[in-house]
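**Student:** Here are the chains, one letter per residue:
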Amino acid sequence: MLVIVTIFVAALEYYWRGRGFVPSYNDDKVLWATQRRKADNPTDQLTAFVGGSRIKFDLDVATWERLTGEKAIQLALVGTPGRLTLRDLANDENFKGNLIIDIAEPQFFSIDTVRRDKSAREAIEFYYKETLAQKASASIDYVLESKLVFLEEGRFGLTALLNTLQIPNRPGVVPPPPCPPELSTTDLRRQTSLTPMFLADPQLQKKQIAIWTRIPTNRSLLMSGDTLAAVCRGIKASIDKIRSRGGRVIFVRPPSGGDVLKNEKKFFPRQQYWDRLLEYTNTPGIYFSDYPAIANFNCPEWSHLAPADGVTFTRNLVEILQNEKGWTFPNSTKLNAKH
Amino acid sequence: MVFNSYTFIAFFIVMLILHHLPFTWKTKKINLLLASYVFYAAWNPPFILLLWLSTVVDFFVGRALYTQENKYKKRMLLVISLIGNLGMLCFFKYGGFLLENFVTMVNALGIDYHPAKPNIILPAGISFYTFTTLCYTIDMYHRKSQPVKSLLDFSLFVTFFPHLVAGPIVRPHQLVPQFETPRKTTRQQLMQGLFLLSLGLFMKVVLADTLLAATANTVFGFQRSLAGLDAWMGVLAFSGQIFFDFAGYSTCAIAVAMCLGFALPENFRSPYAALGFSDFWRRWHITLSTWLRDYLYIPLGGNRKGEARTYVNLMITMLLGGLWHGASWTFVVWGALHGTYLCIERLIKDRLVPKQTPNFLLLPFTFFLVNVTWVFFRATDFSTAWRMLTSIFGQTEKGTAVLTTIDLIITSTVVTLMVLIHWLMRNTSALQAAQKAKWWVLAGVWALMIIGIVICQKSGDSFIYFQF
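Chains as they are written, first to last, in my numbering: chain A, 1 to 339; chain B, 1001 to 1468.
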């Protein structure tokens, strides 16, 4: 029995590595909770990022920390608007840091909160209920995931593999299409990056573009009018709490491209959504196309930046924050030396 | 700590090594007791105080109950034990529920009363260890067995980590004698234990969490009317999930105890092969149903006080059994439905067809009705339960289809195989079947189960019965 299991596991690992995959971490509620704990450190020299996938790909945490001399924690969750995380941090008296809120209009301005907030709700609940045993298990898990490719459940687990089967569904059943496993990797700090395999393969990029553009926009689930105002009031209340503790908050709209950007502009006109959000919440924002330094990136699959561009985006974003938004980073030797 | 976690694997390896080192029997028991406290404290350390309190009070009260000759004092001691145990259970498990119902009642009477919601955390396993200690003091009251001689043995009986948080619910005579005399694990016990541990983890990790949970969650979490097929598949998925989750835990508990040289009672015996509801309750959560029979149904009079009282006793037992599972009226309805089924079955057997042999057509009929009751068990409120019932009985127009084809295939395959295997193993156990199998078949099945666990990788998800 042990021989069969050992041979199978070795063959499985060999197979995935042979296809070019390298060890990566499960980007799940456990990893999120591990990062979330760091926000409980009552320091003002810390910035948290909340929102959806774009800030996870585009913002390079290591570059941010190197440039600002401050700690950064990645709390964005793929496919979520980030509003629940914002509220959670606002209600946490221990959090005294700054906040960057990623805006991807289809997620942020959707009223389909049951589906959109599901992973955020689960992650936050897990964080508050996490037991000592679960924390210990996570530590062992991280060591194993750093060594073995097949342990990344999100890409190579049985559920992920079953979801890749192309079996037609009944009319009206439209599950989110599975992304190719070559798309991204995630590190221990929840930094997500497009893989070299993906960047080198135009076919994979086309496949991913088709996935993004096939996701339908349901007009009945978009915020407008009173709903938008009410949501913005809730966001403002959360932001005010963070500000009352000395934290700074800013909205960032990272780049997108192609038909993805075209659709976002079509369904979410800037004046009706972005401008109102800033106005209602009395909060500054950085919209990528307003700043030449971050306006002209190429998104390989029209939604996220390549890792090298993420580093540049982060560097330029920090400069914009410091030069145009009045953010200061007292510990930053590099920036202070430059300016 | 849960069995399906890396922490438990590390903990268990250390325990196996410690338990097989040449220590004295007393040292080994102390090791087991300390390990059990570590196992429990890994959830929420302060709640260990409750466990200590329950252990110490019941040890001394139990001893006093056994030796006390004065009937009045004896009853007082029993009342102290019942208030201590059930009071704790009521406060932690039913405090919020009682307050909520009280508020609803006084508001209905026109009194404007809105207290703050109590923030009470439910200590893990409190329902299980309360029943374990209760049966000891009740046995002592009736002098059914001798009091446990040492506090160490009694503490270990209450706290022994394999059964502590989700059963099987053990009786003193089942476990205490095993602590009183030195035991050594045989090689066969160890191998059988490891096989059962793999089986239990396979049931939990692969079948319950990976293949069925998502379908059940999608269906029961959907806020609008469902298509009939989707509603049925959601109910069937939950039917499988709850079995594999709970039977998986029990199998792991029995397995872990076996690896350490101890025997715990069987908790499930192919329940979906039941022919009728009394048969179902002889097969599902056996240690709870026998506990309720011995410490509730029989003391209420059982079937000894006439026909009408028998039905009343059955209903009371099942209603309280339902409430034991959770502080919600949906669990009470679940218990009431099972009580009703049992009453009707008894009525038919007593009056209408008294000597009929079991009809195998009863299997699908029992399975169907058990599934209907699961709707109330799984639904978080009555509106969800009603939405599900109207969907599964086709009373909704244009219900929404939410499950993918792969979900439908997985659920129907797993549930069909589950019922088939229950039928084939109706009168046997997993260990007996394993012993009869050829070595290469056993090795292959065992390897497949471990491979399944490895590729599913869902570690650390809690067992459903932990919330009870």
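Take the hints with a grain of salt, since some may be wrong.
[What the hints assert, rightly or not] Quick list of in silico lysine-lysine cross-link-like pairs, DSSO-like style, CA-CA up to 30 Å:
1. A:K135 x A:K71
2. B:K1438 x A:K118
3. A:K96 x A:K118
4. B:K1117 x A:K129
5. A:K96 x B:K1149
6. B:K1184 x B:K1349
7. A:K241 x A:K118
8. A:K236 x A:K206
9. B:K1071 x B:K1349
10. B:K1117 x A:K29
11. A:K206 x A:K266
12. A:K206 x A:K38
13. A:K206 x A:K135
14. A:K241 x A:K206
15. A:K236 x B:K1305
16. B:K1028 x B:K1071
17. B:K1074 x B:K1305
18. B:K1149 x A:K241
19. B:K1184 x B:K1149
20. A:K118 x B:K1073
21. A:K96 x A:K147
22. B:K1184 x B:K1073
23. A:K135 x B:K1028
24. A:K206 x A:K129
The hints are simulated quantities; they were obtained by calculation from the structure and are not laboratory data.
**Student:** Is B:K1184 close enough to B:K1149, meaning Cα to Cα at most 30 Å?
**Tutor:** 22 Å, holds
**Student:** Is B:K1028 within 30 Å of B:K1071, Cα to Cα?
**Tutor:** Violated - the C-alpha atoms of B:K1071 and B:K1028 are around 39 Å apart, more than 30 Å.
**Student:** Is it true that the CA of A:K96 sits at most 30 Å from the CA of A:K147?
**Tutor:** 35 Å, violated
**Student:** Verify the proposed pairing of B:K1074 with B:K1305, using a straight-line Cα cut of 30 Å.
**Tutor:** Holds. B:K1074 to B:K1305 sits at ~26 Å (cutoff 30 Å).
**Student:** Measure nothing beyond the straight line between the CA atoms of A:K96 and A:K118; if it is 30 Å or shorter, mark the hint as holding.
**Tutor:** 26 Å, holds
**Student:** Check whether the Cα positions of B:K1149 and A:K241 lie no farther apart than 30 Å.
**Tutor:** Distance ~59 Å between B:K1149 and A:K241 Cα, so the pair is violated.
**Student:** A:K206 and A:K129: Cα distance at most 30 Å?
**Tutor:** Violated, at roughly 41 Å.
**Student:** Within a Cα-Cα threshold of 30 Å, do A:K96 and B:K1149 meet the stated pairing?
**Tutor:** Since the Cα atoms of A:K96 and B:K1149 sit roughly 56 Å apart, the hinted pair is violated (cutoff 30 Å).
**Student:** Check whether the Cα positions of B:K1184 and B:K1073 lie no farther apart than 30 Å.
**Tutor:** Between B:K1184 and B:K1073 the Cα gap is close to 42 Å, so the pair fails against 30 Å, i.e. violated.
**Student:** Can the restraint linking A:K236 and A:K206 be considered satisfied, given a maximum Cα separation of 30 Å?
**Tutor:** Answer violated: A:K236 to A:K206 is near 39 Å, above 30 Å.
**Student:** Decide if the proposed pair is consistent with the structure: A:K241 and A:K118, CA atoms, cutoff 30 Å inclusive.
**Tutor:** The given pair, whose Cα atoms are some 24 Å apart, holds under the 30 Å limit.
**Student:** Sort out whether A:K206 lies within 30 Å of A:K241, counting only the CA atoms.
**Tutor:** Roughly 43 Å between the alpha carbons, so the hint for A:K241 and A:K206 is violated.
Hint compliance for this structure: hints 2, 5, 6, 8, 9, 12, 13, 14, 15, 16, 18, 20, 21, 22 and 24 are not met, and every other hint is.
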